[in-house]
Amino acid sequence: MRILKLIYLNLTFYFFFLIFSLVAIPGLGAFVILCALILPRRKVLKRLRRAIVWYGTVIVRILPFPLVRVKYKDYARNQGKGPFIFVSNHRSSSDPFLMACPCYSYEAIQVVNIWPFRIPIVGVLAKIAGYLSVRQMPFDDFKALTTKLLKEGVSIVVFPEGTRSRDNAVGQFHGAIFRVALETKKPIVPICLAGNENIPPIGSAFLHPGVIKIHQLKALLWEEYGELSPFKLKNYVRQIIVDEVADMERCA
Amino acid sequence: MAEQDIIRMVNEVFRDSFEIPEDKLVPEANIFNELGLDSLDIVDLVVALQKKFGVTIRDDERVRTIRTLGDIHSFIQLIKTEGKK
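Protein sequences appear in the order of chains Z and D. Note that my numbering numbers the first sequence so that position 40 is 40, with each residue one more than the last. In my numbering, each residue carries its 1-based index in the second sequence increased by 1000.
By construction, these hints were calculated from the structure, which means they are not laboratory data. Computed from a predicted model, the values in this text were never measured in an experiment. Be a bit skeptical, because a hint or two may be false.
Said to hold, decoys possible - Between beta-carbon pairs, the in silico distance windows are:
| hint | chain 1 | residue 1 | chain 2 | residue 2 | range |
| --- | --- | --- | --- | --- | --- |
| 1 | Z | T147 | D | F1032 | 20 to 28 angstroms |
| 2 | D | L1025 | Z | F206 | 37 to 45 angstroms |
| 3 | D | E1034 | Z | I119 | 32 to 40 angstroms |
| 4 | D | D1059 | Z | W54 | 48 to 56 angstroms |
| 5 | D | D1059 | Z | P66 | 54 to 62 angstroms |
Just so you know, even glycine gets a beta-carbon here, dropped at the ideal spot from N, CA and C.
Generate coordinates for the entire structure from the input sequences, incorporating the hints supplied.
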């Protein structure tokens, strides 16, 4: 019975994923081209980034429902209009799509690995939208680009572990974005993910039924963290995420 | 410089620059996976070590092979010995 449920989940999800992507991605491409003809570049980028978030929302919240449910809790309401630096733990290849939940109301880009840029059309759109691959650039370039984006009001989503956790433990954080936070004085919002480790598991595209929990925690303001060194700050934020994820898993 | 002095001074750098507690500062501790340093922290570490020991290690290729705290102890010992020659 369980196997049948699994097969059903995967067949329906990937069928609708394919159909939706075949319509949405070229549609998104056409939309961008059309906008570029009549709107200034800044407005085109804003619309493209919002459209990518909507695409992600459909992929994670609608297509796999009801076998995969997303429970999103926002403990950070009414904290201003941003921009924010969203910092999340990383367990699955679905995580960049899950970021559509915390970013729903914001214009945001993600700092991702190299592989998303290799996906046909999506990779090109991500590049146009300003998604960054931290591994492909020196820190000074990364700092200059992220600082410029934050000044323009664009929030930034980062997975500072750099790679997916293989044992669900939160790995060590890379400090690049925390150095940017200290210089730009922007609020840092910890995002905690749990329950998504098998949706899909590492090395597989096979989804398993389950409940994905996303907790968006209270933003850390520069007034609270500005005195910390980059090393202390990254470990401080990491510990907040570690503690919350442990609580989320205890309650599961 | 005695080996014990080098260990004490390197550990002081880790305590002062990164606020890493003494109990974590064992020679076999991996500076990346266990102590949590990243490539940018290594730059800060090199600067702090240079200041502490009065040596120049920034352009030394051997820095790239360092993985554990014990590797740093041995490396500083080596640098100091080479400096005497």
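To see whether the hints hold, each was checked on the structure:
At roughly 26 angstroms, the beta carbons of T147/Z and F1032/D sit within the given window of 20 to 28 angstroms. For L1025/D and F206/Z, the hinted distance range of 37 to 45 angstroms is satisfied, since their beta carbons lie about 43 angstroms from each other. Hint check: E1034/D to I119/Z, Cβ distance near 35 angstroms, so the stated range 32 to 40 angstroms holds. Distance hint check: the CB atoms of D1059/D and W54/Z are about 50 angstroms apart, consistent with the given range 48 to 56 angstroms.
In this structure the hint that D1059/D and P66/Z lie 54 to 62 angstroms apart at CB holds, the actual value being about 59 angstroms.
Violated hints for the displayed structure: none, as all numbered hints are satisfied.
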